[in-house]
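So the sequence shown is numbered by my numbering: it starts at 1 and just counts up by one.
You may find that some hints are simply not true.
Just the calculated beta-carbon pair ranges, DEER-fashion [as the list claims (entries may be wrong)]:
#, residue 1, residue 2, range
1, Ser28, Ser334, 53 to 61 Å
2, Asp323, Gln53, 37 to 45 Å
3, Ser343, Thr29, 44 to 52 Å
4, Arg232, Pro423, 53 to 61 Å
5, Thr58, Val316, 19 to 27 Å
6, Gly21, Arg200, 19 to 27 Å
7, Arg232, Arg200, 53 to 61 Å
8, Ala92, Arg232, 28 to 36 Å
9, Gln147, Ile6, 50 to 58 Å
10, Asn331, Gln147, 42 to 50 Å
Listed next, the in silico PhoX-like pairs over lysine-lysine satisfying Cα-Cα at most 20 Å (straight line) [as the list claims (entries may be wrong)]:
#, residue 1, residue 2
11, Lys77, Lys4
12, Lys417, Lys401
13, Lys386, Lys248
14, Lys319, Lys330
15, Lys402, Lys308
16, Lys345, Lys390
17, Lys345, Lys313
18, Lys404, Lys345
19, Lys345, Lys264
20, Lys268, Lys220
21, Lys308, Lys248
22, Lys345, Lys268
23, Lys96, Lys109
24, Lys143, Lys122
25, Lys96, Lys77
26, Lys319, Lys402
27, Lys268, Lys77
28, Lys248, Lys264
29, Lys17, Lys96
30, Lys248, Lys330
31, Lys77, Lys122
32, Lys386, Lys330
33, Lys345, Lys401
34, Lys386, Lys345
35, Lys330, Lys390
Because the hints were derived from the structure by calculation, they are not lab data. Just so you know, even glycine gets a beta-carbon here, dropped at the ideal spot from N, CA and C.
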Amino acid sequence: MGSKIIQRLELALSVKKPTPGEVLEQVSTRGVLRGPVDFVFSAWRLYVEYAAQEIAETFQLTEEERRTLLNFRDAVKTLLTEAQRQASEKLAALYKAVAEGNYRLEGGKLLAPDGTWMYATKNVMRVPIRRVSASARFPDVLKLPRQRLEMIQMGWRASDEGNERGRPFMATTQPWQVFAWAAARPGEIYMFPASVNLTRQGVSVTLSMVARSWRQQWRKEEAISMVLTCLRQGELAPLLTMWLGDGKARWGRIGRFEIAVAAKEPWKIGRATGDYEAVVAKGHDVFMRLAEAAGPYGMLLDLLKCHKWNYIKEAVARKRSVDILREAVKNPRSEDPDRVLASMKFSLVSGNGGTLIAAYYANTAEGAVAAANALETLGMRPNVVKWNRKYMIYVGLGDIKKNKQLREAAMRFLMEKMRSGTPREREIVRRIIERNPHFSNDRP
1 MGSKIIQRLE LALSVKKPTP GEVLEQVSTR GVLRGPVDFV FSAWRLYVEY
51 AAQEIAETFQ LTEEERRTLL NFRDAVKTLL TEAQRQASEK LAALYKAVAE
101 GNYRLEGGKL LAPDGTWMYA TKNVMRVPIR RVSASARFPD VLKLPRQRLE
151 MIQMGWRASD EGNERGRPFM ATTQPWQVFA WAAARPGEIY MFPASVNLTR
201 QGVSVTLSMV ARSWRQQWRK EEAISMVLTC LRQGELAPLL TMWLGDGKAR
251 WGRIGRFEIA VAAKEPWKIG RATGDYEAVV AKGHDVFMRL AEAAGPYGML
301 LDLLKCHKWN YIKEAVARKR SVDILREAVK NPRSEDPDRV LASMKFSLVS
351 GNGGTLIAAY YANTAEGAVA AANALETLGM RPNVVKWNRK YMIYVGLGDI
401 KKNKQLREAA MRFLMEKMRS GTPREREIVR RIIERNPHFS NDRP
């Protein structure tokens, strides 16, 4: 472990100055600022200055609200400067001890002779920051009705937000989240830099915050359940902030128009795609509705250069395969919806925990577009792929559940697979029914 620690300490103590463009590039592409310790703290201060100025110029603030915002900016910058001084001193002492071999490992900590220490295990390397804190008020920049503001708060609570003695709590290494969360919890914010974290790409800073003007109104499990209920009812604002917190920002998922979030028990909230990950919504229209649900919050995320918000905007701008095919077909027509539904075949898909699709096959691009148009008249969002020499027009389980004819046919298919399918097929059916209990209640 010694060589690994010395490498990270050397990187942390190297010299590099940030530029405003470099800071915004890091925030807009990955959210976290990483690099040498002086670089990272300077980058944070540059970003805080930038964000406060942009908010002041973009939102309609009174003179008092503007002063409150700038006081918040100054408090955060002062906090970061004090933390930088402490972190630099501790990192230098730890580097000297490790370089000279004059240290000891004890209880998951690396201790230097002068009493300086850091957490040092196989997976965690961080230097705690002590006795550096500040309180400052953040103005109500969104000016949303209380009910709309609670929709935004609910999503944060369902993901990153914690509970500190009955008050909402947030810890983040991403500077944009400081402003995005404070805007959702305006009022007095108590802040303290908790640690400097040593990674392969350099250090990052964890800033912790407590919203002292608010009481924590939800348990974590309750907030998650409420977000999913809102989603089923067509309200996507809570899902937006839930994804801003725990969302998996990977182009593979976004390219498939999937909203995936981290979860301790993913099978309870959506389609499990890993040990701690679940897809809770899918479809190009979901991303469009997320963007629409943001309202004034989207303006804030825009100016903050939030990388996850950029993913949503990129997904909205992308075209679905059926839209691309439709553009290539002259004089597109629509097939009879009942005929398309009657001809659809069901298939179990084993990947990502297992799911069900219903597919219609067409010999030509014109026929594929006609079938897709028919399904869209029923409120579905079909996808089209080339399947050998044919076109497969298919819908997922979400659309199947919405249509009575497909739903009943799907349950007959699932029951048959449960009776006579292979062990793997029966396991997939069991998972589908377990994740969709209301669906299984509709069995014929």
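The hints, checked one at a time:
1. Distance hint for Ser28 and Ser334: a CB-CB separation of about 41 Å, inconsistent with the stated range 53 to 61 Å.
2. For the pair Asp323 and Gln53, the supplied restraint of 37 to 45 Å holds, since their beta-carbon distance comes to about 39 Å.
3. Checking the proposed 44 to 52 Å range against Ser343 and Thr29 shows it holds: the Cβ atoms sit about 45 Å from each other.
4. Restraint check, Arg232 to Pro423: a C-beta distance of roughly 32 Å breaks the suggested window 53 to 61 Å.
5. The hinted range of 19 to 27 Å is satisfied by Thr58 and Val316, whose Cβ atoms lie roughly 21 Å apart.
6. As the Cβ distance of Gly21 to Arg200 is approximately 24 Å, the hint placing it in 19 to 27 Å holds.
7. For Arg232 and Arg200, the Cβ-Cβ distance of about 41 Å falls outside the hinted range of 53 to 61 Å, so the restraint is violated.
8. Taking 28 to 36 Å as the suggested C-beta distance range, the pair Ala92 and Arg232 does not conform, at roughly 54 Å.
9. The hint said 50 to 58 Å for the Cβ distance between Gln147 and Ile6, and at roughly 54 Å that hint holds.
10. Our hint of 42 to 50 Å for Asn331 and Gln147 holds, since their Cβ atoms are close to 47 Å apart.
11. Pair hint Lys77 plus Lys4 does not hold up; C-alpha atoms about 31 Å apart against a cutoff of 20 Å.
12. Under the criterion of a C-alpha separation no larger than 20 Å, the hint pairing Lys417 with Lys401 is consistent with the structure, at around 18 Å.
13. At roughly 28 Å between alpha-carbon atoms, Lys386 and Lys248 are farther apart than 20 Å, so this suggested pair is violated.
14. As the CA atoms of Lys319 and Lys330 are separated by approximately 18 Å, the hinted pair is consistent with the 20 Å bound.
15. Between Lys402 and Lys308, the direct Cα distance comes to roughly 29 Å. Violation of the 20 Å bound is thereby established for this hinted pair.
16. Distance check on the hinted pair: Lys345 and Lys390 sit about 14 Å apart at the alpha-carbon level, within 20 Å; holds.
17. Annotation: proposed proximity of Lys345 to Lys313 is violated, straight-line Cα distance about 34 Å (limit 20 Å).
18. For the hint linking Lys404 to Lys345, the alpha-carbon distance of about 15 Å falls within 20 Å, and the restraint holds.
19. A hinted pair counts as satisfied when its Cα atoms are at most 20 Å apart, and Lys345 with Lys264 does not qualify at roughly 34 Å.
20. At roughly 14 Å between alpha-carbon atoms, Lys268 and Lys220 fall within 20 Å of each other, so this suggested pair holds.
21. A hinted pair counts as satisfied when its Cα atoms are at most 20 Å apart, and Lys308 with Lys248 qualifies at roughly 9 Å.
22. Between Lys345 and Lys268, the direct Cα distance comes to roughly 28 Å. Violation of the 20 Å bound is thereby established for this hinted pair.
23. Among the hinted pairs, Lys96 with Lys109 is consistent with the structure: their alpha-carbon atoms are about 16 Å apart, no more than 20 Å.
24. Straight-line distance between C-alpha atoms of Lys143 and Lys122 comes to about 46 Å, which puts the hinted pair past the 20 Å bound.
25. Distance restraint check for Lys96 and Lys77: the Cα-Cα separation of roughly 29 Å exceeds the 20 Å cut-off, and the hinted pair is therefore not satisfied.
26. For a cut-off of 20 Å, the pair hint linking Lys319 to Lys402 is broken: about 24 Å separates their Cα positions.
27. For the suggested pair Lys268 and Lys77, the alpha carbons sit about 41 Å apart, so the restraint of at most 20 Å is broken.
28. Straight-line distance between C-alpha atoms of Lys248 and Lys264 comes to about 14 Å, which keeps the hinted pair within the 20 Å bound.
29. Taking the CA atoms of Lys17 and Lys96, the gap is about 23 Å. The hint is violated against a cut of 20 Å.
30. In summary, the hint linking Lys248 to Lys330 is not supported, as the alpha carbons are separated by about 39 Å, beyond the 20 Å threshold.
31. A hinted pair counts as satisfied when its Cα atoms are at most 20 Å apart, and Lys77 with Lys122 does not qualify at roughly 32 Å.
32. For the given pair, Lys386 sits about 19 Å from Lys330 by alpha-carbon distance, which is consistent with the 20 Å threshold.
33. Restraint check for Lys345 and Lys401: satisfied, since their Cα atoms lie roughly 15 Å apart, inside the 20 Å limit.
34. In summary, the hint linking Lys386 to Lys345 is supported, as the alpha carbons are separated by about 16 Å, within the 20 Å threshold.
35. Distance restraint check for Lys330 and Lys390: the Cα-Cα separation of roughly 19 Å lies within the 20 Å cut-off, and the hinted pair is therefore satisfied.
Checked against the numbered hints listed earlier, the structure breaks hints 1, 4, 7, 8, 11, 13, 15, 17, 19, 22, 24, 25, 26, 27, 29, 30 and 31; every other hint is satisfied.
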